[in-house]
Structures are given as C-alpha cells and as structure tokens.
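Colleague: Listed here are the chains, written in short residue letters.
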Amino acid sequence: DAKTTQPPSMDCAEGRAANLPCNHSTISGNEYVYWYRQIHSQGPQYIIHGLKNNETNEMASLIITEDRKSSTLILPHATLRDTAVYYCIVLALSGGYNKLIFGAGTRLAVHP
Amino acid sequence: GAGVSQSPSNKVTEKGKDVELRCDPISGHTALYWYRQSLGQGLEFLIYFQGNSAPDKSGLPSDRFSAERTGGSVSTLTIQRTQQEDSAVYLCASSFLPGPDTQYFGPGTRLTVL
Chain Z
1 DAKTTQPPSM
11 DCAEGRAANL
21 PCNHSTISGN
31 EYVYWYRQIH
41 SQGPQYIIHG
51 LKNNETNEMA
61 SLIITEDRKS
71 STLILPHATL
81 RDTAVYYCIV
91 LALSGGYNKL
101 IFGAGTRLAV
111 HP
Chain P
1 GAGVSQSPSN
11 KVTEKGKDVE
21 LRCDPISGHT
31 ALYWYRQSLG
41 QGLEFLIYFQ
51 GNSAPDKSGL
61 PSDRFSAERT
71 GGSVSTLTIQ
81 RTQQEDSAVY
91 LCASSFLPGP
101 DTQYFGPGTR
111 LTVL
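Taken in order, these protein sequences are the chains called Z and P.
Heads up: the first sequence begins at 1 in my numbering, then just goes up one per residue.
Heads up: the second sequence begins at 1 in my numbering, then just goes up one per residue.
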C-alpha cells in the first residue's frame, strides 16, 4: 500500500472550515484514499473514502487532485467535537478483508 | 444499537504476568479484528477472524500473543509473559462486510506493563 504524508498538527477556529492535506504521490490506480479520525480515548472512526472523484457525506468532503497524488479532507464547519487525530490511508480493496494500517496522522485542534 | 465493547478498559500488570483482553463485537458481525496502538504511534494490525475460517495471525508480534474467538462472537486476546514493550492500547473492530469503511471499533483496552 502507498505511503502517505500528513502534517503532524493543525489548528482551526470553531465554525470555520478545516482543510486537512494528505500527500500520496506513489498511489496506484487501484488504491483508494480513506480517511479516519480518532477522538481522544476512543477507537478510530471511518469518515469518508474515494478513488478519483470528489466525495461528500454528512461528515466531510474529500477532494482528490486529478493526478491523485494528493487529497484534502474538508470539515466545512468545524466544531470543538472535531478535535481529533485524522488519518489518511491508501489501500487497494481486497475481496476478502482489509487490514487498516495508520501512520501518525494530523492532530487537529479546534478552538473557540 | 450496542457497539463494540472491550474489557477491561484499563489493565496494569507486572512484567512476566499473563493478561487476557476481551472483545464483544456488534451482534451479527462475522469479521473481527485486533489492532494495537502504541503511545503516539499509528495502528498496527494483529489478527483477523472471519466466520469459521482459519484466522489471519500474520500481525502477531511474537508467540507470546494468541487470540481465539468462541462461537463466532466474543474474542479474547491473550498475552503471555508480558513485557514492557507490550504496553499499548489494544483495539478491537468488527464488521459485517469486508470493506474498510465498515469496521467499527471498540474503545480499546489500555495495557500498562510495569
């Protein structure tokens, strides 16, 4: 699976959009981009994923560049509850099961 | 409905002792994963169970680690002769479908080996 690079930490004001970048320059054509987050003392939580097209759900939007070498997770109106570590991973889907392997992620602090 | 539960939430043990960590998956979920997360580190896969198939143990770091899943539901992760480097948060996840977006995680067990 392709390696990802994320900034170690970011700040965001409550109510503003949080834009979390991820570089995955060695991504292969069959690898998806997945985002998870982990709030303190909780297990990881799935947020969103995509292959080529931009995606949006009730939690966030995912913008993938045309060359697929980077992506941005957007939390449109960040709240204090969005303070967490955000993980970007890329993986090729297995028909059987998928092991999740996270790096260090980006620690997002949302402040009043 | 009820999510994945794990017990105990915290475990402090002495080096050399054995520990058992428990995971209760979401009812009906046939797949169960164990992961480990060391302080400030990412997620490390340990073992995977799917129905009655042989488990994928490829992530277990040593033969001191073992896991079983009885009756296709509850799972126990056992660490024998614990070492200080075993200190970590042990996370369990379950899923009904194979996709990574369908793994639901428990809150984890924080293991501290003194």
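Careful: at least some of the hints might be erroneous.
Some chain Z residues well away from chain P (every beta-carbon gap over 12 angstroms; in silico) [claimed, not checked]: (1) Glu-66; (2) Asp-67; (3) Lys-99.
No more than 20 angstroms apart at the CA atoms, straight line, and that leaves these computed lysine to aspartate or glutamate pairs for EDC-like [to be verified]: (4) Lys-99/Z / Glu-31/Z; (5) Lys-57/P / Glu-14/P; (6) Lys-3/Z / Glu-14/Z; (7) Lys-57/P / Glu-44/P; (8) Lys-99/Z / Glu-14/P; (9) Lys-3/Z / Glu-85/P; (10) Lys-11/P / Asp-101/P; (11) Lys-52/Z / Asp-56/P; (12) Lys-3/Z / Asp-24/P; (13) Lys-52/Z / Glu-44/P; (14) Lys-15/P / Asp-56/P; (15) Lys-17/P / Glu-85/P; (16) Lys-99/Z / Glu-68/P; (17) Lys-99/Z / Asp-18/P; (18) Lys-69/Z / Glu-31/Z; (19) Lys-15/P / Asp-101/P; (20) Lys-52/Z / Asp-67/Z; (21) Lys-69/Z / Glu-55/Z; (22) Lys-17/P / Asp-56/P; (23) Lys-3/Z / Asp-82/Z; (24) Lys-57/P / Glu-68/P.
Everything labelled a hint here was simulated from the structure, so no lab data went into it.
The beta-carbon is built from N, C-alpha and C at its ideal position, and this holds for glycine as well.
Colleague: Indicate, hint by hint, whether the structure satisfies it.
Modeller: Going through the hints against the structure:
1. Glu-66: holds, 24 angstroms
2. Asp-67: Given a closest Cβ separation of 23 angstroms, the condition holds.
3. Lys-99: Contrary to the label, Lys-99/Z does not stay out of reach of chain P, its closest Cβ about 4 angstroms off (not over 12 angstroms).
4. Lys-99/Z / Glu-31/Z: holds, 14 angstroms
5. Lys-57/P / Glu-14/P: Outside the cut-off at roughly 26 angstroms; violated.
6. Lys-3/Z / Glu-14/Z: violated, 31 angstroms
7. Lys-57/P / Glu-44/P: Holds. Lys-57/P to Glu-44/P sits at ~13 angstroms (cutoff 20 angstroms).
8. Lys-99/Z / Glu-14/P: violated, 30 angstroms
9. Lys-3/Z / Glu-85/P: Violated, at roughly 25 angstroms.
10. Lys-11/P / Asp-101/P: Violated. Lys-11/P to Asp-101/P sits at ~29 angstroms, over the 20 angstroms cutoff.
11. Lys-52/Z / Asp-56/P: violated, 31 angstroms
12. Lys-3/Z / Asp-24/P: Distance of about 32 angstroms is beyond 20 angstroms: violated.
13. Lys-52/Z / Glu-44/P: violated, 27 angstroms
14. Lys-15/P / Asp-56/P: violated, 27 angstroms
15. Lys-17/P / Glu-85/P: Distance ~13 angstroms between Lys-17/P and Glu-85/P Cα, so the pair holds.
16. Lys-99/Z / Glu-68/P: holds, 18 angstroms
17. Lys-99/Z / Asp-18/P: violated, 26 angstroms
18. Lys-69/Z / Glu-31/Z: Holds, at roughly 11 angstroms.
19. Lys-15/P / Asp-101/P: violated, 37 angstroms
20. Lys-52/Z / Asp-67/Z: Holds: Lys-52/Z and Asp-67/Z sit about 9 angstroms apart, inside 20 angstroms.
21. Lys-69/Z / Glu-55/Z: Measuring from Cα to Cα gives roughly 16 angstroms; hence the hint holds.
22. Lys-17/P / Asp-56/P: violated, 25 angstroms
23. Lys-3/Z / Asp-82/Z: violated, 25 angstroms
24. Lys-57/P / Glu-68/P: holds, 11 angstroms
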